[in-house]
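Asker: Let's have the full structure, built from the sequences with the hints guiding it.
There are 2 protein chains.
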Amino acid sequence: MVDKKVRRALEKVVGRKNVLTEPADLLLYSYDSSTARGQPGAVVLPASTEEVSRVVKVCARHGIPFVARGAGTNLSGGSVMLRGGVVIALTRMNRVLEIDVANQRAVVQPGVVNLDLQQALSGHGLQFCPDPASQKVSTIGGNVAENAGGPHCLKYGVTLNHVVGLTVVLPSGEVRRLGGKAGTPPGYDLVGLFVGSEGTLGIATEMVLRLRPLPEEAQIVVALFDTLEAAGETVSRIIAAGMLPAALEIMDRATLEAVEASFPSGLRTDVEAILLIELDGPKGTLDRQAGRCASICRELNARSVEIGRTPEERERLWSARRSAFGATARLSPAMLVNDATVPRTRIAEVLREMQKIERRHGVRIAKIFHAGDGNLHSNILFNRDDPEDFKRAEAASAEIFRLCAGAGGTITGEHGVGAEKPEYMRLIYSAEDIEAQRKLREVFDPLGLANPGKVLPERAGVTEGDA
Amino acid sequence: MVDKKVRRALEKVVGRKNVLTEPADLLLYSYDSSTARGQPGAVVLPASTEEVSRVVKVCARHGIPFVARGAGTNLSGGSVMLRGGVVIALTRMNRVLEIDVANQRAVVQPGVVNLDLQQALSGHGLQFCPDPASQKVSTIGGNVAENAGGPHCLKYGVTLNHVVGLTVVLPSGEVRRLGGKAGTPPGYDLVGLFVGSEGTLGIATEMVLRLRPLPEEAQIVVALFDTLEAAGETVSRIIAAGMLPAALEIMDRATLEAVEASFPSGLRTDVEAILLIELDGPKGTLDRQAGRCASICRELNARSVEIGRTPEERERLWSARRSAFGATARLSPAMLVNDATVPRTRIAEVLREMQKIERRHGVRIAKIFHAGDGNLHSNILFNRDDPEDFKRAEAASAEIFRLCAGAGGTITGEHGVGAEKPEYMRLIYSAEDIEAQRKLREVFDPLGLANPGKVLPERAGVTEGDA
Numbered sequence: 422m423v424d425k426k427v428r429r430a431l432e433k434v435v436g437r438k439n440v441l442t443e444p445a446d447l448l449l450y451s452y453d454s455s456t457a458r459g460q461p462g463a464v465v466l467p468a469s470t471e472e473v474s475r476v477v478k479v480c481a482r483h484g485i486p487f488v489a490r491g492a493g494t495n496l497s498g499g500s501v502m503l504r505g506g507v508v509i510a511l512t513r514m515n516r517v518l519e520i521d522v523a524n525q526r527a528v529v530q531p532g533v534v535n536l537d538l539q540q541a542l543s544g545h546g547l548q549f550c551p552d553p554a555s556q557k558v559s560t561i562g563g564n565v566a567e568n569a570g571g572p573h574c575l576k577y578g579v580t581l582n583h584v585v586g587l588t589v590v591l592p593s594g595e596v597r598r599l600g601g602k603a604g605t606p607p608g609y610d611l612v613g614l615f616v617g618s619e620g621t622l623g624i625a626t627e628m629v630l631r632l633r634p635l636p637e638e639a640q641i642v643v644a645l646f647d648t649l650e651a652a653g654e655t656v657s658r659i660i661a662a663g664m665l666p667a668a669l670e671i672m673d674r675a676t677l678e679a680v681e682a683s684f685p686s687g688l689r690t691d692v693e694a695i696l697l698i699e700l701d702g703p704k705g706t707l708d709r710q711a712g713r714c715a716s717i718c719r720e721l722n723a724r725s726v727e728i729g730r731t732p733e734e735r736e737r738l739w740s741a742r743r744s745a746f747g748a749t750a751r752l753s754p755a756m757l758v759n760d761a762t763v764p765r766t767r768i769a770e771v772l773r774e775m776q777k778i779e780r781r782h783g784v785r786i787a788k789i790f791h792a793g794d795g796n797l798h799s800n801i802l803f804n805r806d807d808p809e810d811f812k813r814a815e816a817a818s819a820e821i822f823r824l825c826a827g828a829g830g831t832i833t834g835e836h837g838v839g840a841e842k843p844e845y846m847r848l849i850y851s852a853e854d855i856e857a858q859r860k861l862r863e864v865f866d867p868l869g870l871a872n873p874g875k876v877l878p879e880r881a882g883v884t885e886g887d888a
Numbered sequence: 422m423v424d425k426k427v428r429r430a431l432e433k434v435v436g437r438k439n440v441l442t443e444p445a446d447l448l449l450y451s452y453d454s455s456t457a458r459g460q461p462g463a464v465v466l467p468a469s470t471e472e473v474s475r476v477v478k479v480c481a482r483h484g485i486p487f488v489a490r491g492a493g494t495n496l497s498g499g500s501v502m503l504r505g506g507v508v509i510a511l512t513r514m515n516r517v518l519e520i521d522v523a524n525q526r527a528v529v530q531p532g533v534v535n536l537d538l539q540q541a542l543s544g545h546g547l548q549f550c551p552d553p554a555s556q557k558v559s560t561i562g563g564n565v566a567e568n569a570g571g572p573h574c575l576k577y578g579v580t581l582n583h584v585v586g587l588t589v590v591l592p593s594g595e596v597r598r599l600g601g602k603a604g605t606p607p608g609y610d611l612v613g614l615f616v617g618s619e620g621t622l623g624i625a626t627e628m629v630l631r632l633r634p635l636p637e638e639a640q641i642v643v644a645l646f647d648t649l650e651a652a653g654e655t656v657s658r659i660i661a662a663g664m665l666p667a668a669l670e671i672m673d674r675a676t677l678e679a680v681e682a683s684f685p686s687g688l689r690t691d692v693e694a695i696l697l698i699e700l701d702g703p704k705g706t707l708d709r710q711a712g713r714c715a716s717i718c719r720e721l722n723a724r725s726v727e728i729g730r731t732p733e734e735r736e737r738l739w740s741a742r743r744s745a746f747g748a749t750a751r752l753s754p755a756m757l758v759n760d761a762t763v764p765r766t767r768i769a770e771v772l773r774e775m776q777k778i779e780r781r782h783g784v785r786i787a788k789i790f791h792a793g794d795g796n797l798h799s800n801i802l803f804n805r806d807d808p809e810d811f812k813r814a815e816a817a818s819a820e821i822f823r824l825c826a827g828a829g830g831t832i833t834g835e836h837g838v839g840a841e842k843p844e845y846m847r848l849i850y851s852a853e854d855i856e857a858q859r860k861l862r863e864v865f866d867p868l869g870l871a872n873p874g875k876v877l878p879e880r881a882g883v884t885e886g887d888a
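Chains E and G, in that order, give the protein sequences.
Just so we're on the same page, our numbering is the position in the first sequence counted from 1, plus 421.
Just so we're on the same page, our numbering is the position in the second sequence counted from 1, plus 421.
Note that these hints are calculated values from the structure, not bench results.
A couple of the hints might just be wrong.
Given that identical chains are not distinguished, each listed pair holds provided it fits within a single copy or across any two copies.
Distance condition first, Cα-Cα at most 27 angstroms in a straight line; then the derived DSSO-like pairs of lysine-lysine [said to hold, decoys possible]: (1) Lys478 <-> Lys425; (2) Lys438 <-> Lys426; (3) Lys433 <-> Lys478; (4) Lys478 <-> Lys426; (5) Lys576 <-> Lys704.
All values reported here derive from a predicted model rather than from experimental measurement.
Answerer: Listed below in structure tokens is the structure:
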């Protein structure tokens with residue numbers, strides 16, 4: 422726990438009731454959706470940029486590490502405080518400050534839940550494109566920190582492509598405005614640098630988002646396959662045919678079974694893979710595209726192909742997809758979420774290798790893919806109470822990362838590096854590359870207090886942290 | 422000129438005929454399309470990443486500044502060597518190394534001309550979206566260094582959104598690979614940081630580009646207006662109606678006259694503004710959208726509205742737009758290209774103020790706008806032989822930057838800051854913001870040899886350079 426002096430200084434900023442130090446409270450903030458765990462010394466709930474700035478200044482003055490936290494849905498440990506210190510929970514900063522319809526921009530606070538924003542926008546015929554599967558819960562602040570993806574990022578790009586301005590509290594406590602409503606700011610792209618920096622360069626307290634008109638229509642094509650590879654190959658052919666669906670998602674049998682068991686929606690579970698193809702665009706254009714996608718599915722021997730044209734049908738199928746993560750978690754006391762990416766054309770080959778890894782380590786892996794982006798989520802199921810089982814899961818996860826990195830891919834698609842994967846950075850980057858990133862980090866955070874232990878591996882080759 | 426020892430060292434890397442030191446040769450590399458001028462000490466033409474690396478190492482060893490150069494079409498002085506030193510011309514590195522149709526990626530060298538790449542891609546039904554007006558001449562290396570835009574960036578985003586990997590020679594001469602074909606790389610977004618860094622962080626010698634399918638169809642709506650404001654207001658209404666055209670371009674009367682005088686294409690020159698609306702998308706969707714755009718133009722009292730549906734008609738209108746810059750240059754011995762950006766909704770208001778600036782300074786300004794992005798190109802015509810006239814142009818340009826910055830805009834849309842605008846950075850950034858950017862630059866370039874004098878203003882408040 423933080424000492425009395427620090428506690429009083431924090432209380433002076435946010436008021437006594439917004440500083441939590443009771444063990445029961447601290448426990449609630451000691452985990453996220455990853456395997457990382459770490460109990461903070463205090464949790465502070467500021468209400469404004471000004472308060473965040475003053476809280477960070479208290480931390481800087483006392484040499485206390487800090488991490489910002491939204492809904493805690495992070496899948497790589499990014500929002501867990503590894504070294505004692507202060508969790509800055511931004512849940513009270515949850516207002517949509519402005520929806521500028523004419524300029525297609527929204528200005529929001531970090532604690533706004535993604536889906537709440539979408540609902541506020543849809544009345545204006547607009548959307549914020551990034552739609553992580555966690556969107557019912559996760560906040561825009563977290564989406565920005567992790568450069569979140571989501572099914573629709575295939576067509577519309579990840580969070581990075583939809584943030585044009587940030588108000589940022591630097592690790593010194595200073596407040597900076599980066600970018601804004603108009604155009605690309607001159608000089609270095611600091612907005613882009615902050616997006617996805619996982620809380621290691623500072624805390625974004627206000628974000629200016631790029632909006633897009635909602636598509637006039639959407640349709641969904643659902644195909645069932647007897648092999649994962651056939652589903653993967655179908656994805657490649659659809660793209661090669663020059664189509665750019667809004668989403669191309671694959672779920673494997675283990676995931677289908679989990680979804681049906683938890684949220685019955687009539688999905689068949691006797692197939693090895695389901696491919697969801699969402700198409701969107703102007704009225705009158707989708708029937709032909711859906712037909713072309715269906716033909717390609719049949720060429721690859723899909724067992725059945727169904728086209729969903731009504732909003733109800735689409736919603737049913739999408740909600741199954743969005744529930745997949747939670748449903749999968751019910752299959753097993755715990756799971757290790759592997760989030761790797763490979764060039765789209767190597768999906769089928771990588772899937773074959775992954776099945777070998779599964780057998781070799783005796784683990785069950787439920788697979789959900791943003792297949793159009795080559796982003797493979799392998800949920801490795803394990804029993805948290807069995808240390809041997811966890812080791813097997815970790816070994817399988819490490820092999821998957823090596824496999825994907827070796828195939829020209831990378832170790833994260835949209836979940837970040839966080840606390841779980843800094844060591845895997847060495848699969849992608851040389852020691853010099855990592856050192857360059859460290860220097861860059863030190864420009865913003867010379868004291869090393871902003872979310873330490875995350876993203877970059879330790880110099881000695883050992884990951885620190887108490888996870 | 423560089424001394425003999427340096428010259429020999431450079432010749433050892435690239436061969437004698439690829440090191441130019443004759444005054445006549447140096448003169449050719451002493452300018453670009455901006456007002457900046459500076460004669461290099463030598464011009465070196467390397468043929469590979471390896472050679473660029475060794476050339477930069479020679480520069481680093483001897484403390485000689487260097488700048489990479491493509492076609493020299495830069496509009497803010499980015500490719501001019503301000504302090505003697507070495508121009509590294511990348512024109513020999515002009516190969517398209519790979520077109521990976523299935524993954525929709527291209528790997529190219531920096532000297533590839535934008536339009537040559539487009540032509541190589543179109544056979545595969547693909548495109549590289551950034552299409553600067555200079556695309557017939559300008560190179561991908563320059564497009565990346567400047568984060569180039571172009572008419573189609575309204576719908577598809579600027580260069581930043583289409584570069585996924587870079588091979589970079591750092592100012593130390595070390596070679597780094599950033600990003601790659603698959604997904605967003607983990608850690609900090611160094612690819613994004615390099616794109617648009619105007620040669621101040623190193624030299625990109627190979628780029629992995631994101632491609633997109635060519636649209637199935639395109640149509641163009643051309644409307645003539647009696648006031649610039651009406652054209653600007655039309656743009657706002659089209660966007661507010663939820664449409665996202667591929668391009669929304671405005672040219673004013675001065676520009677129209679210039680284009681007609683140089684490249685007669687039947688444009689009317691008795692109107693104050695022409696608005697070009699390009700729509701693209703799947704077959705069968707454009708007639709209705711074009712009709713809606715035409716109605717909006719008529720609501721704003723367009724004098725005439727024409728819809729161009731054939732490729733020939735579109736090409737004629739676009740080539741007029743693309744020629745506008747060159748044609749405008751013929752109106753006057755020289756012009757100062759002002760490239761500012763404002764929030765789209767403030768275009769009409771800013772245009773009114775610009776007309777006042779024109780009258781106040783007694784200058785003629787030919788205006789071409791990427792209006793959908795709020796990116797205003799004001800070409801201020803002046804006589805280079807008349808120092809007083811140049812001063813008037815500079816004063817008008819400074820006022821336009823202040824006007825746009827005050828309206829929530831910024832000082833560059835797509836031409837970069839270069840040598841012309843570092844001092845204007847102070848309109849956008851505080852001294853602390855600029856200092857943070859300087860520190861970031863020093864991480865990559867501690868010796869300050871990579872394109873010095875560009876982008877950031879000098880600490881003392883005086884822009885250096887011999888321009």
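Asker: Work down the list of hints and note, for each, if the structure agrees.
Answerer: Structure-based check of each hint:
no., hint, result
1, Lys478 <-> Lys425, "within (17 angstroms within a copy, 55 angstroms between copies)"
2, Lys438 <-> Lys426, "within (16 angstroms within a copy, 71 angstroms between copies)"
3, Lys433 <-> Lys478, "within (12 angstroms within a copy, 54 angstroms between copies)"
4, Lys478 <-> Lys426, "within (14 angstroms within a copy, 53 angstroms between copies)"
5, Lys576 <-> Lys704, "both (18 angstroms within a copy, 18 angstroms between copies)"
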